[in-house]
Amino acid sequence: MDNHVPTQDSIVTVHNLTFSRGEKKIFDDISLEFERGKVTAIMGPSGTGKTTLLKLIGGQLFPDHGSIMVSGRNIHHLKHDDLYALRKRMGMLFQSGALLTDMSVFENVAYPLREHTQLPESMIRTLVLMKLEAVGLRGARDLMPNELSGGMARRVALARAIALDPMMILYDEPFTGQDPISMGALVHLIKALNTTLGLTSIIVSHDVHETAAIADYIYVLSEGKVIGQGTPKDIFDSPSLWVQQFMNGAADGPVHFHYPAKNYMEDLLHSEKPIFSRQRPPNDRTTKRKRYS
Amino acid sequence: MEFFQNLGASTRSSFTKLGRGSYFLVHLLAGISSVLVRPRLLLKQLHSVGVLSFLIISISGLFVGMVLGLQGFYILSRFGAEETLGVMVAASLVRELGPVVTALLFAGRAGSALTAEIGLMKATEQLSGMEMMAIDPIKRIISPRFLAGFLSMPLLAALFSCVGIIGGQLVGTGLLGVDDGAYWSQMQANLDFQGDIINGVIKSIVFGFVTSWIALFEGYDSIPTAEGVSRATTRTVVNSAFSILGLDFILTALMFGDN
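Those protein sequences? They're chains A and B, same order as listed.
Note that this note's numbering has the first sequence beginning at 344, numbered continuously upward.
Note that this note's numbering has the second sequence beginning at 163, numbered continuously upward.
Some hints could be false.
Distance condition first, Cα-Cα at most 25 angstroms in a straight line; then the derived SDA-like pairs of lysine to any residue [said to hold, decoys possible]: (1) A:Lys431 / B:Thr286; (2) A:Lys367 / B:Thr387; (3) A:Lys368 / B:Ser175; (4) B:Lys206 / A:Arg468; (5) A:Lys431 / A:Gln461; (6) A:Lys367 / B:Gln167; (7) A:Lys431 / B:Leu198; (8) A:Lys422 / B:Ser195.
Label-pair restraints from in silico Cβ distances [claimed, not checked]: (9) A:His459 / B:Ile194: 19 to 29 angstroms; (10) A:Leu611 / B:Leu407: 47 to 57 angstroms; (11) A:Leu472 / B:Ile412: 54 to 64 angstroms; (12) B:Leu407 / A:Glu490: 50 to 60 angstroms; (13) B:His209 / A:Leu421: 29 to 39 angstroms; (14) A:Gly527 / B:Ser175: 25 to 35 angstroms.
Keep in mind the hints are simulated off the structure, nothing from the lab.
We put the beta carbon where it would ideally sit given N, CA and C, even for glycine.
Use the sequences and the hints to build the structure in full.
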């Protein structure tokens, strides 16, 4: 399947990407385009490898087949130094925030500036306060990461991600765990950053409405395939049952809420093993590494 | 058939792990130059790895020395050679117990802490986050800790031996009535700087290198879950203990084998 429309001005091009983890195929020959200056969203149920896709784009994981071009260069063929130079121009917002726990909020945001620039301390202070002001946390600069709520940690991480004024930001589930007020603020912030700084944003999310409100283009993924793409309106009007189920959050449809299992009745009545057996499922990775040395 | 399959699989996985570990070691050694440019990173780690181990090392050293004093006196007095107690205590400590016991305690106190810290940093995506900020976590996180462990170990072992010698003296001269002058002069006369002290220091340098490497690698290579980090911490202590004792035998055979 190669139904993507190649555009001239795409900052990231994913071409025929296949990636597996163990036996499981996470991506099966998918192609995606991310246009410069736009907000592109990748949506799909949990476990479809959305975070994995961001790590592939960031060059932290390697694909089995296919290529990922970032800013015209194949990110998996770059040398260490070139890769790091490219990463300086990408910001990534992790779901957990990934703040360094032994530094204050201020120091966390200042960290990339201190590492990558030779700016004087007064300039760093100004920049950090500007970035913190943008996410509404200038007053929280002296707190430590363990004193922040999950939502605040994510906003600090966002301030850190934009500290070096990147050309593109990868957002990993930016809306999960935010209260309605900060959610609204964050939605506006992402959109505003995109337009005022001329960034390209790639959002991975399953918060349908928030994401649809700011995305210019949406890809819907499921079981390693792109099952729908287009503007938010196209997606909401999609004839695909699957896409309809996902966008409207219906419990029943082409996708089942239950993980594949044998017949429930049969399972309850004829259990061969005690219910509280400590045996792991056969596909669990830890079975092979169980031995203590 | 299954037996051979398992044997093959576990051999293969041990070798791949060894390969990953060696690659990690090369990478972290290459990062040491960048630590020297940022001495503050190193100082912070020297404090948490070295300074905070002072108490456990000195107290253990004191007791080991006192026990050596008691045991040594008991045996030596049967041959009427109580004055050589100082030599016996000092030689045991400097050659053997100082480096080995310090390394074992170090693996338990600092090594396990390093593994847990790195493992948790991995689990909370801090390492991954640094990579995405184009900051090499090996240079900023791993290398300073390695260097701190490597530098602390010989110093801690020296502390252990010194405190142990004082402990032996407390028991020997204070409690059991060995002549104080004999304790020290016999020690000075019979302990060889090259053969005893330098060899002991070499041992502790080797142990410091190996223990820090194991602790950091296990943390870096751990499965980033609560269970994975707990296993990695266990492996650090177990593998460090094996390596320390095994290497101690080899080093002792090389250093003192022909005497």
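Going through the hints against the structure:
1. A:Lys431 / B:Thr286: Satisfied, since the Cα-Cα distance of roughly 21 angstroms is no more than 25 angstroms.
2. A:Lys367 / B:Thr387: holds, 20 angstroms
3. A:Lys368 / B:Ser175: Judged against 25 angstroms, a Cα distance of about 23 angstroms means the pair holds.
4. B:Lys206 / A:Arg468: Holds, at roughly 23 angstroms.
5. A:Lys431 / A:Gln461: Distance of about 15 angstroms is within 25 angstroms: holds.
6. A:Lys367 / B:Gln167: holds, 23 angstroms
7. A:Lys431 / B:Leu198: Judged against 25 angstroms, a Cα distance of about 24 angstroms means the pair holds.
8. A:Lys422 / B:Ser195: Holds, at roughly 20 angstroms.
9. A:His459 / B:Ile194: 19 to 29 angstroms: Holds, at about 21 angstroms.
10. A:Leu611 / B:Leu407: 47 to 57 angstroms: For leucine 407 (chain B) against leucine 611 (chain A), whose Cβ atoms are near 53 angstroms apart, the range 47 to 57 angstroms holds.
11. A:Leu472 / B:Ile412: 54 to 64 angstroms: Given a distance of about 57 angstroms, which is inside 54 to 64 angstroms, the answer is holds.
12. B:Leu407 / A:Glu490: 50 to 60 angstroms: violated, 44 angstroms
13. B:His209 / A:Leu421: 29 to 39 angstroms: Since histidine 209 (chain B) and leucine 421 (chain A) have Cβ atoms about 38 angstroms apart, the given range 29 to 39 angstroms holds.
14. A:Gly527 / B:Ser175: 25 to 35 angstroms: violated, 50 angstroms
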